Amino acid sequence: MDILTSEDDLGEVFAKHGTQLRRAAHRIVGDTHLAEDLVQDAYLRAKEMACAQGTMAHPLSYVHRMVRNLAIDRYRRGALESQLFEPEDSGVQVAAPAARTPEAMAIDRQELALVARALAGLPERVRRVFELYRLEGRTQREIGAELGLSAATVNTLIREALDRCRAALSAP
Amino acid sequence: MAGGDTPDSIDQAAIGWVMALHDAPGDARLRESLAVWLAADPAHRTAYAQARRVWLLTGLLPPATDEPNAAPAGSCEPRSS
Numbered sequence: 001m002d003i004l005t006s007e008d009d010l011g012e013v014f015a016k017h018g019t020q021l022r023r024a025a026h027r028i029v030g031d032t033h034l035a036e037d038l039v040q041d042a043y044l045r046a047k048e049m050a051c052a053q054g055t056m057a058h059p060l061s062y063v064h065r066m067v068r069n070l071a072i073d074r075y076r077r078g079a080l081e082s083q084l085f086e087p088e089d090s091g092v093q094v095a096a097p098a099a100r101t102p103e104a105m106a107i108d109r110q111e112l113a114l115v116a117r118a119l120a121g122l123p124e125r126v127r128r129v130f131e132l133y134r135l136e137g138r139t140q141r142e143i144g145a146e147l148g149l150s151a152a153t154v155n156t157l158i159r160e161a162l163d164r165c166r167a168a169l170s171a172p
Numbered sequence: 001m002a003g004g005d006t007p008d009s010i011d012q013a014a015i016g017w018v019m020a021l022h023d024a025p026g027d028a029r030l031r032e033s034l035a036v037w038l039a040a041d042p043a044h045r046t047a048y049a050q051a052r053r054v055w056l057l058t059g060l061l062p063p064a065t066d067e068p069n070a071a072p073a074g075s076c077e078p079r080s081s
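So the protein lines, in turn, are chains W and P. Here this note's numbering is used: position 114 in the first sequence is 114, and no number is missing along the way. Here this note's numbering is used: position 47 in the second sequence is 47, and no number is missing along the way.
Calculated directly from the structure, the hints in this document are not laboratory data. These numbers come from a predicted model, not from an experiment. Ideal placement from N, C-alpha and C gives every residue a C-beta, glycine not left out. Fair warning: there could be bad hints in the mix.
What the hints assert, rightly or not - From the structure, some residues in chain W lie toward chain P, with a derived Cβ separation under 10 Å:
1. Lys16
2. Thr19
3. Arg22
4. Arg166
Claimed, not checked - Have a look at the derived ranges for each label pair, beta carbon to beta carbon:
5. W:His58 <-> P:Ala28: 24 to 34 Å
6. P:Leu38 <-> W:Ile72: 35 to 45 Å
7. W:His58 <-> P:Thr6: 42 to 52 Å
Please model the entire structure based on the sequences and the hints provided.
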C-alpha cells in the first residue's frame with residue numbers, strides 16, 4: 001500500500017501518470033486542452049485533500065477517480081463552451097484556480113503557462129533529455145546511454161531546462 | 001556544492017540540490033547537507049523554494065510527445081494499488 005507523506009509526493013504521482021490521467025480525461029471530454037486543465041484541477045483538489053488528511057492511501061486510484069469525476073461533471077455541464085483558462089496573450093486575466101491551500105505551493109495557471117512556453121522553446125534535444133528525466137524517471141546515466149551523451153552533458157542539459165523555466169517565472 | 005554566492009551560482013546550486021535529492025531520495029546524509037546549506041543563507045532558501053516550484057510545475061505539464069487521444073489498443077485504468 002503506498003501512502004503519500006508529503007505534498008511533493010502527490011506532484012510525483014501526477015508527473016509519473018500524467019499522460020494516463022490526461023488520456024482518461026480526454027476520453028470523456030474529447031478536448032486536449034480541457035483534459036490538461038482538468039488534470040491540473042484534480043491536482044489542486046487532491047492536494048487540498050492530502051493537506052487536510054495529512055496522508056493519502058492509494059493516491060493513484062484516488063487521483064484517477066477524481067479526474068474521471070471532474071471530467072464527467074464538466075462533460076455534463078457542456079464544458080466545451082466554458083474554457084478554464086484564457087490564452088495568456090489575450091490580455092485577459094487568467095482565472096484563479098478553484099482550490100487554494102494555505103500552503104505556499106498553490107498552482108497558478110499563469111505560472112504553468114510560462115513554464116509550458118519555456119519548455120516548448122527548448123531545443124529538441126534538451127527537451128527530450130529533460131522529459132526522460134522528469135517525466136519518465138530515467139537516471140542521468142540511462143539517458144546518456146540511450147541518447148549517446150556523456151553523463152556531464154545530460155546533467156548540463158537538465159540544468160539548462162530547469163534554469164530556463166526558472167528564468168521564465170522570474171522575468172519581469 | 002557550495003560554489004560562490006552570486007545570485008546565478010545560488011540558483012544553480014539550488015537546481016543541483018533538487019536534482020540530487022531526486023536522484024537519491026533516501027540519502028540521509030544528502031538531506032543533512034541540504035539542511036546545512038539552507039540554514040546558511042535566506043537567499044539559499046528562496047532559491048531552493050523556487051527550484052522546487054519549477055520542479056513541481058514541470059511535472060504537471062504534458063511532454064511534447066503526449067497524445068491523449070491516441071490510446072493504445074487494450075488500454076485500461078490502473079488497478080488499485
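Evaluated hints:
Satisfaction of the interface hint for W:Lys16 is found here, the shortest Cβ-Cβ separation to chain P being roughly 8 Å, below the 10 Å cut-off. With a least beta-carbon distance of about 5 Å to chain P, the hint placing W:Thr19 at the interface is held under the 10 Å criterion. Annotation: interface hint on W:Arg22 holds; nearest CB of chain P at approximately 4 Å, less than 10 Å. Evaluation of the W:Arg166 hint against chain P yields a held restraint, the C-beta minimum of about 5 Å falling below 10 Å.
For the pair W:His58 and P:Ala28, the supplied restraint of 24 to 34 Å holds, since their beta-carbon distance comes to about 27 Å. Taken as a hint, the range 35 to 45 Å holds for the pair P:Leu38 and W:Ile72, whose Cβ atoms sit roughly 43 Å apart. At roughly 45 Å, the beta-carbon separation of W:His58 and P:Thr6 lies within the given 42 to 52 Å, and the hint holds.
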